[in-house]
Amino acid sequence: MSPTSIELGLGLLSIGRHWGVRNAPPPPHEVALRLLQRAIASNIRYFDTAPAYGDSEKILGTFLSELPKKERNQIIILTKVGELWQSENRTTQVCHKADKMRRSIDLSLERLTKIDVLQIHKTNPEVLRSTDLLKSIQYAKDLGISSFGASVSDLPTAELAIQTGLFEWLQFPFNANNIIFSNIFHKLAKNNMKALINRPLAMGQLAAPDQIKRAFAFILNSPLPTGSVILTGTGSPMHLQENIDAFSRLTS
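Read in full-length UniProt numbering, the sequence shown has 251 at position 251, and its numbers run on one by one without any break.
Since the hints were made in silico from the structure, they are not lab data. Some hints here could point you the wrong way.
Label pairs and their in silico Cβ distance ranges [claimed, not checked]:
(1) P125 with S147: 19 to 25 Å
(2) K114 with P209: 19 to 25 Å
(3) P125 with V31: 36 to 42 Å
Ideal Cβ positions, reconstructed from N, Cα and C, are used throughout, including at glycine.
Input sequences plus hints: build the corresponding full structure.
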């Protein structure tokens, strides 16, 4: 697979709430805006967020509302449904009931204005076989959302998600320290699906300056389907630039 057929995207968990092995707090609002501005200036098009990411959707939506329409239309917004943010105790709640997912979709659209790809968060086999899922996807389609994905963390769920025929995208972790999903790339391609790779730097384990390029090279040398996206997740404009530079050296 040619590296130029793979894009770098930005995962936005870090700007919305505490996260990571160090439970790092989100950056100040002005730093989050600089991060988004840096991404846009570097021609990053894919922005991945979720209701469970705390204030992430709200921050992204505010930023998008201030962009010129032409720029805004070039951005691809990916969000999720199935896990909710509990602001009162700052925790998340997984819920895949149709009524809760419909309400979550409505709130995400209010914050973001548009959703280009809607993913099912914390997917599992029970959810994939449920009528609640089918009802929620149909509800989203009725609202004009046309592309769907599943976010998975284990192989059986990944394989079932592919088999359903409901999704164009599958999001999962993949890096040199975690290769459990390495055998599904050909299945994605066979089913006209694309990968959304998260944790490419293994939650910081591969983020030292001399490791970043090798970490991206490992993924780019894997048989990702054409049009797949590698999501770099950071709340730091400086770290984002380091990732962009390393990725660009491999794909230019």
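### Query
Falls inside 19 to 25 Å, the C-beta gap from P125 to S147?
For S147 against P125, whose Cβ atoms are near 22 Å apart, the range 19 to 25 Å holds.
### Message
Holds or violated: the 36 to 42 Å window for the beta-carbon distance between P125 and V31?
### Response
40 Å, holds
### Message
For the hint 19 to 25 Å, verify it against the beta carbon of K114 and that of P209.
### Response
For P209 against K114, whose Cβ atoms are near 36 Å apart, the range 19 to 25 Å is violated.
Hint compliance for this structure: hint 2 is the single one not met.
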